[in-house]
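**Student:** Can you build the whole structure from these sequences, using the hints too?
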Amino acid sequence: MDGGFSSLRLEAVGAVRTALVSAENLQLTLKTELSQEEQALTHTSANSGPEETHRTGGIFSVLRNEDLKEMLESSKESLKLEAMKRIVGLIAKGKNASELFPAVVKNVASKNIELKKLVYVYLVRYAEEQQDLALLSISTFQRALKDPNQLIRASALRVLSSIRVPIIVPIMMLAIKEAATDLSPYVRKTSAHAIQKLYSLDPEQKEQLIEVIEKLLKDKSTLVAGSVVMAFEEVCPDRIDLIHKNYRKLCNLLVDVEEWGQVVIISMLTRYARTQFTSPWKEGATFDENNEKAFYDSEEEKKDQVEAKPYVMDPDHRLLLRNTKPLLQSRNTAVVMSVAQLYWHLAPKHEVSVVTKSLVRLLRSHREVQYIVLQNIATMSIQRKGMFEPYMKSFYVRSTDATHIKTLKLEILTNLANEANISTILREFQTYVKSQDKAFAAATIQAIGRCATNISEVTDTCLNGLVLLLSNRDETVVAESVVVIKKLLQMQPTQHCEIIKHMAKLFDNITVSMARASILWLIGEYCERVPKIAPDVLRKMAKSFTAEEDIVKLQTVNLAAKLYLTNSKQTKLLTQYILNLGKYDQNYDIRDRTRFIRQLIVPNEKSGALSKYARRILLAPKPAPVLESAFKDRDRFQLGTLSHSLNIKATGYLELSDWPAVAPDQSVRNVEVIEPVGSLPSLLLTYSVAVVHTYSDEFPFVCKSSDQTWTVFGFSESGSEDESDEKSSEESDKSSSESESEQKKKKKTKKAPQKKAKPTTVNIPTFGPVKSHELLHHMTGKGLSARYHFPRQPCLYQPNMVAVQVTLTNGSDHSLEEIHIGDRSPASLNLHCFNTIERLEPEASVTVSMGIDFSDSTQAANFQLCTKDDQFSVSIQPAVGELLMPSSMTEQDFCKEQGKLLGMNETSLSLLQRWSHWQFMAFTHVLLFASRFAGRTVSSGALVLVTAESRESSTALLTINTDKSIMASMLLRDLKQALAQA
Amino acid sequence: MIHSLFLVNASGDIFLEKHWKSVVSRSVCDYFFEAQERATEPENVPPVIPTPHHYLISVLRHRIYFVAVIQSEVPPLFVIEFLHRVVDTFQDYFGVCTEAAIKDNVVVVYELLEEMLDNGFPLATESNILKELIKPPTILRTMVNTITGSTNVGEQLPTGQLSVVPWRRTGVKYTNNEAYFDVVEEIDAIIDKSGSTITAEIQGVIDACVKLTGMPDLTLSFMNPRLLDDVSFHPCVRFKRWEAERILSFIPPDGNFRLLSYHVSSQNLVAIPVYVKHNITFREGSSQGRFDLTLGPKQTMGKAVESVLVSSQLPRGVLNTNLNPSQGTYTFDPVTKLLTWDVGKINPQKLPSLKGSMSLQAGASKPDENPTINIQFKIQQMAISGLKVNRLDMYGEKYKPFKGIKYMTKAGKFQVRT
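First to last, the sequence lines map onto chains A and Y.
full-length UniProt numbering puts the first sequence at residues 1 to 982.
full-length UniProt numbering puts the second sequence at residues 1 to 418.
The hints are simulated quantities; they were obtained by calculation from the structure and are not laboratory data.
Cβ coordinates follow ideal geometry from the N, Cα and C atoms, glycine included.
Errors might be hidden in some of the hints.
[To be verified] Restricting the straight-line Cα-Cα distance to at most 27 Å, the calculated cross-link-like pairs of lysine-lysine (DSSO-like) are:
#, chain 1, residue 1, chain 2, residue 2
1, Y, LYS135, A, LYS111
2, Y, LYS193, A, LYS438
3, A, LYS76, Y, LYS135
4, A, LYS177, A, LYS220
5, A, LYS583, A, LYS540
6, A, LYS93, Y, LYS135
7, Y, LYS21, A, LYS146
8, A, LYS215, Y, LYS21
9, A, LYS649, A, LYS632
[Stated by the list, open to error] Computed far set for chain A versus chain Y, every beta-carbon distance over 10 Å:
#, residue
10, GLU70
11, ALA109
12, GLN131
13, ASP202
14, GLU211
15, LYS215
16, LYS543
17, LEU574
18, LYS583
19, PRO603
20, ARG669
[Said to hold, decoys possible] Derived list of chain A stretches under chain Y, where covered just means 3 residues or more per stretch with a C-beta under 8 Å from a C-beta of chain Y:
#, stretch
21, 79-92
22, 157-169
23, 322-334
24, 630-642
25, 647-659
**Tutor:** Right, dumping it as structure tokens:
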């Protein structure tokens, strides 16, 4: 056999060799590989059994570590790669490949990116075991951290931070700090991840890491938000104060954050909101009554105060609820669930039901998703039946559901049962009882028992149904029925001695010990109602006592004792017999019980006062058991959490605090920047202008272009930023009155900080009069006239569009209908139309907003404005300034970016004009030092950097750095013109 | 968050492991195996299992368990959703997600897992971003790579990662520009013994295959958008526009994706396209049972009911069956007691039926429950809810795309109790 295989293998070697020879003819030199492969082949044929090669498939697969090492050390890239692939294969299988560490680590600086990545994989896996050798690779990463390619920077940081070697903690710390200020949001995101890694490696770095987190929390990129909140949750979840200033921003960014980040942010904000806002549940009319009482009872003293003033929801609280609601439509089930729990824990009671539909929708998803969602619905449905009642049918069980899904659905159906729907539910339960899945059938019987106790109208019906089940052929069903009947009978034993008799008759056929024990207990408890049967049952038990299960024996002893007390004439001997059997039982529990019972009931000289009370002790009326949901106490955990799912407090579970009685200071969330609250990312809404300047002056400087004015102010003040804002608006008023041709201002404010070291960034929203342009004259438009202006705010529809507001006026004497936008040219023009205006009355006007993507060109956008009957071609042409959005950056970043945009991308113009004296003074004054303005084009987001510098005494140099060179020259022309006019 | 991942096959072997933080010994899976042993069916393994130091969250797909090891509190759905996303990605890359496919592509799998999570937190799960980072293996590419020495790994950060449309890469080019949309509706129903509907609801999805050049902006409008009661969108859909105008406006991802899933409001009555006449009886005392099943179409609006497949889990007492199908083929597995009947197309003139006898275990008592019957079927060119796409428009690009819309109705969990 073996010989056969090796000859086969030799053939294979031959085949490969010829193939390679032909490859060589094709000038594909695979020389080195040839020898390797041959080696591999001979190895396998010599050393390993046939199965092994078969299992792994390829002829190359069984390579020893030496061969791998040799491959790694070879000069051929492809061979190295092949070796690394196999090593990764080994790691994946969980085999130990650590002895190859020195050979692998050499390749860390490889040019081949795939090879490099595989080396990274290896390093991260084994660095912990080979700390000294791992240090060899560190310098490579440090170098890569400075790479111009952001992907390489990011992956270097990822690997560096994943190497769990304590020695490099300071290096990691430095790298994280650097990456946190990187220009690329992707690198910043990676640094947020690295924070957690470093924290788990060395918790002592906490304080420094919190500083980085604080910085990153301020980041306005949606990419970073999720990751940094994750880091926050991991490192310092108790530092709620870090969130205050970022709360509104996070709320507003939420929709645009990637889905995984959304989950993390929502759960953090849930916790935050519970500490910062007052309870919205206090005056809820649809409140669960029991809860309400409990609530007020516990806080009696606060009651007056609370009721004195009506509850007003904090606008921030509302903001959170409003901004999370659209996420219920997410395709990601985790996001939907986290919004659902947010509403459950934070929303006023009458608003919670908005989540119902979405949760029910999740039930269509995978089995595992169903499981978690059903668990949460089960908890919710206990407190709020009404929420899920309309969807009751969605919880009907199918025979194909997994058992744990079935039982959860059953749980929910039971929770939902009320007087109105109980008949439907019971009918449904009847089919379940017949299920082939017996565990499920048993659970159904318990559910019926719960329905019967909760809804008194159906108790009898249920009881009858359960009695019918006693004749079921399946033992588990019968046993479960007995147990449930026992519990039900205990609640109202008077009318049911027939059932007890029936059960006594069944007793012989039942073998499940729990059921037998239950019947015995029932007969014992109500032995006076069945005086004839009880002693007979005891007689039978005496016969089979030794063969019974422990639990049955205990109940037999119990029954004997009770009968002895009520009917000692008939049962005295039987009882003594059973007590004797019990005395010598193997189980000490039973021996114990027997001894205790004997002392209690059999009068003798030693027995004390207790035996007098034996009857009262044993036959005391017992309270009926409460049948309640297994999910009753789950609401102590936050919904959607692992702890809730397991009903145990999981490691790292953060308690949801109770609402504060008095809301903490709301103003902590105020941010200095005036930030319009909207549903779009705030970074876009804050129309911010960044000015980096280290200069002070009191001269307002105005420069105008054909349609826009930039006002530049200087202050020599030392007050707060608020003051400077105030002042600037004053100034702007002044200047607007001064220059009558001025239509609109995009302001750039300069501020003079006291300390030169720190560059200041000031964000100011635009305001001031706007220039509107004619779009359609009412003569050509048959009565319809339209004017447009650029609000100079980020477009709501798409960030790469320029927002345009169009005011439509009906100048005719009849109303116009269906005003909308028709064809457009060029056809590729991407514009966001306004919603069709159904009707515009005469003399009425309406302002609508639309978005146009000009693709960073000043080419006019042509489109048709249509009414029901007419079409008018119109066009909008933007000035180059309208295509720019301000962008804020620090002075350093500015210089860095400028450094990248040299050469072709730089356009400059030196100004040497015949200025009027004061104009000139003002200009040079302002430009005494360099002034820098940063912006981005709306459509493609290309940076546009404007620098004004004064040269010598009479010239000034305007420089524009951008890769949009056409734009640069146009902008320069406009600026020049504006300055000339000033 | 996610500490490690183990892939376990049907026979209980761990065939792949990946760690994102320090290594967790694979012995942690023993708790999982215990739970697996306790469960009677593979589906009954609880998705969340606590162990002394870790928590195991698992999903079962394609007969592979994906077991994630968690060390501290995390929303379980987060992990479950992620694991499903991993499976979807594998399927997307390798066509199938089987043990063999994963083993054959172990390097790509590893590279993917490395990109998808950083320190246990999802980094890139969007398929188009991943495909730019790691190109899916094809025979051609493997050959080219071996010859030229190039790799499957991208060197640049995918543009999607930073853009506001992370689901679409830039520079997409096609010679044939086409956009196909499949409206697929599934009927979930439980029909009781007498043929009346206990519960029925329609769930639908719109799956799209969009191969368009550049950055097209599409709008899709419906004739009757009111039918849609509860919807969930691909992130590309502009929610505001939907809220205001009931129009789906989106820049589509490149390739296949699920645009929308919806639920048809429960106020609408659901037309049940098939009916079942059944007579399954077991007689007390005899070892024979009768089995009689006839299928027929109803409310199909003239469309043919195709690919009909009937399956039923017969009671344990049934030893064998001797049935006679009027069309199609039937099989009965005496071990699992699963009866399947592949009917094919229903001909309204000659209704398909399956008749015959079942032999029962001698002496065993009559099973007290009749089996439920699960039915699968397909109806082409019809959306049972009546949903109709009104028009599809493209903005932002100059060319004229080829557009196609297909409707289909399928049985979801369609069950008949007997």
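**Student:** None of the hints should be skipped; say for each whether it holds.
**Tutor:** Verification of the hints:
1. Y/LYS135 x A/LYS111: 18 Å, holds
2. Y/LYS193 x A/LYS438: Distance ~21 Å between Y/LYS193 and A/LYS438 Cα, so the pair holds.
3. A/LYS76 x Y/LYS135: Given that 27 Å is the threshold and the Cα spacing comes to 23 Å, the pair holds.
4. A/LYS177 x A/LYS220: Holds: A/LYS177 and A/LYS220 sit about 17 Å apart, inside 27 Å.
5. A/LYS583 x A/LYS540: Cα-Cα ~19 Å, so holds.
6. A/LYS93 x Y/LYS135: Cα-Cα ~23 Å, so holds.
7. Y/LYS21 x A/LYS146: 25 Å, holds
8. A/LYS215 x Y/LYS21: 25 Å, holds
9. A/LYS649 x A/LYS632: Judged against 27 Å, a Cα distance of about 16 Å means the pair holds.
10. GLU70: Non-interface label stands for A/GLU70: nearest chain Y Cβ at 19 Å, farther than 10 Å.
11. ALA109: 15 Å, holds
12. GLN131: 13 Å, holds
13. ASP202: At about 14 Å from chain Y, A/ASP202 clears the 10 Å cut-off, so the statement holds.
14. GLU211: Check passes; 20 Å lies beyond 10 Å.
15. LYS215: Answer for A/LYS215: holds, closest chain Y Cβ roughly 19 Å.
16. LYS543: Label holds. Min Cβ-Cβ 27 Å, cutoff 10 Å.
17. LEU574: Holds, since 35 Å exceeds 10 Å.
18. LYS583: 39 Å, holds
19. PRO603: For A/PRO603, whose nearest Cβ neighbour in chain Y is about 51 Å away, the distance exceeds 10 Å, so it holds.
20. ARG669: 25 Å, holds
21. 79-92: holds (count 6)
22. 157-169: holds (count 4)
23. 322-334: Answer holds; 7 residues pass the 8 Å Cβ test.
24. 630-642: holds (count 3)
25. 647-659: holds (count 6)
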